[in-house]
Amino acid sequence: MIHPTVEAFIYFLFLLKAHLNFFVCFHYCLMGEETSVCLFFFLQSMAPTDPFDSSEDEMERLEEELKKWKKRLEAAEKAKADLLLCKSNAMEEYVKAEDGLIKLKNLQEKQHKEAVMSRDTHEQELYVLNQENAVLKRDTEKLEEDLAECSLMLSQYSQINKEVAEMKLKFAHMEDTKDNYQDMNTQCVFGVTTKIPFRLDQNQVLLTFEDKEVAQRLIKIGKHTVNLDNKTADLRVMPFTLEMGIKFKLHVTISGKKISVSEVPELLIPGDWMRDKLELNFYKSEWGGGEVENVNYDKQSRTAVITFLRPGATNSFVRCTEYPFVVNGTWYRLPVSPDTNVKLENFQLYCGISKKTILLEGIKEMEDDEESVQDMIKIHFQKPNNNGGEIEKIKYASKGVTWVCFEEDT
1 MIHPTVEAFI YFLFLLKAHL NFFVCFHYCL MGEETSVCLF FFLQSMAPTD
51 PFDSSEDEME RLEEELKKWK KRLEAAEKAK ADLLLCKSNA MEEYVKAEDG
101 LIKLKNLQEK QHKEAVMSRD THEQELYVLN QENAVLKRDT EKLEEDLAEC
151 SLMLSQYSQI NKEVAEMKLK FAHMEDTKDN YQDMNTQCVF GVTTKIPFRL
201 DQNQVLLTFE DKEVAQRLIK IGKHTVNLDN KTADLRVMPF TLEMGIKFKL
251 HVTISGKKIS VSEVPELLIP GDWMRDKLEL NFYKSEWGGG EVENVNYDKQ
301 SRTAVITFLR PGATNSFVRC TEYPFVVNGT WYRLPVSPDT NVKLENFQLY
351 CGISKKTILL EGIKEMEDDE ESVQDMIKIH FQKPNNNGGE IEKIKYASKG
401 VTWVCFEEDT
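Mapping to UniProt numbering: the sequence shown position 23 is 23, numbers consecutive.
Quick caveat, the hints were computed from the structure, so don't treat them as lab data.
In this text, all values refer to a predicted model and were calculated from it rather than measured experimentally.
Glycine is no exception: its CB is placed at the ideal position from the N, C-alpha and C atoms.
There's no promise every hint is true.
Beta-carbon label-pair distances, calculated as ranges [said to hold, decoys possible]:
| no. | residue 1 | residue 2 | range |
| --- | --- | --- | --- |
| 1 | Lys-364 | Ser-337 | 55 to 61 Å |
| 2 | Glu-266 | Asp-99 | 56 to 62 Å |
| 3 | Asn-89 | Met-59 | 43 to 49 Å |
| 4 | Ser-88 | Asp-120 | 35 to 41 Å |
| 5 | Gly-312 | Glu-266 | 31 to 37 Å |
| 6 | Glu-266 | Glu-141 | 21 to 27 Å |
In silico EDC-like pairs for lysine to aspartate or glutamate, Cα to Cα no more than 20 Å straight-line [to be verified]:
| no. | residue 1 | residue 2 |
| --- | --- | --- |
| 7 | Lys-212 | Asp-201 |
| 8 | Lys-70 | Asp-82 |
| 9 | Lys-395 | Asp-229 |
| 10 | Lys-299 | Glu-279 |
| 11 | Lys-142 | Glu-263 |
| 12 | Lys-378 | Asp-211 |
| 13 | Lys-399 | Glu-370 |
| 14 | Lys-356 | Glu-243 |
| 15 | Lys-231 | Glu-365 |
| 16 | Lys-378 | Asp-201 |
Modelling step: build the complete structure from the supplied sequences, incorporating the hints.
Okay, here's the thing in structure tokens:
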């Protein structure tokens, strides 16, 4: 819409045109959001005219021309409003596009950071895998060397020919068999008798004769004068007592079907899984195993007892004390040995008595060495005229304390 002041001013100019005789050029300009009307006056004549000479026709013509300019001004105002609306829409689209560009830029930066982090993570994982592969390669090489060594030992063992002495055998008794298999257990009986220590002080002598009657006769006499390097020594023959001893029998049964396994690795898996893995490993015949009947696994002690189905299956483990064990791609070498059952019998204490041995006291310090003194004492007590006899063993303690051991005389 046209401002009222502008409209009145234009109307006034058209009224004066007939009297002032000038040409008015109307120009409409849009400057930003303001409307300006520029009037250009071109004077044609400065001669005044009579204002009352204007006719009605001239007034009508001016009114018509004014209407035209109003319409043009309205059209310009409408064009301006349309342009402002387009500008507002364009600004909204610009803001939206700028927001989208910022979001896209942030998304690209986020994706770039994630790609860098993912690449670093993959590089770290690759480095760890390479290190593990190197360790596994070294372990594999070591296991291959151990396997070659065990194979060589087994081949050498199988090639050894031993000359065994002949033994006469006789039929003893019959035994029942289970599943048509003979009993492959090895049974042993060991008789154990402990040695009894005896304290031999300085300048004391122990003499053991072949005949106990000689020793007992010398004990009854009590004192003996012995010539030691042109010096006489009065020796006292003393009986002596020994400490208590222990004797027992051990019955050992070495199983032909069972082996003991130790140092089973500690893994974060259930006990049933570990039993299955042990069974699968000891089932392999190429490693010396065989068909497994039962696996008794103790997780706390890291031990297991493998029972094979066939008797005699443990013979291969007598020659090889370690067995390969593979679990989760890692190789281990487990110590193995035949399973044994030990039974203690006839455990008893006994009091040691040596009727062949006498104790001599009363020897003074000698300059001679220990062997010379022993020889002189031995010669004296071997003579029958000194009530002596054949000597089995003699021990003289010249310096300090000596411990001697007595064992059962069979």
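> What hints, given by number in increasing order, does this structure fail?
Replying inline: Violated: hints 4 and 7.
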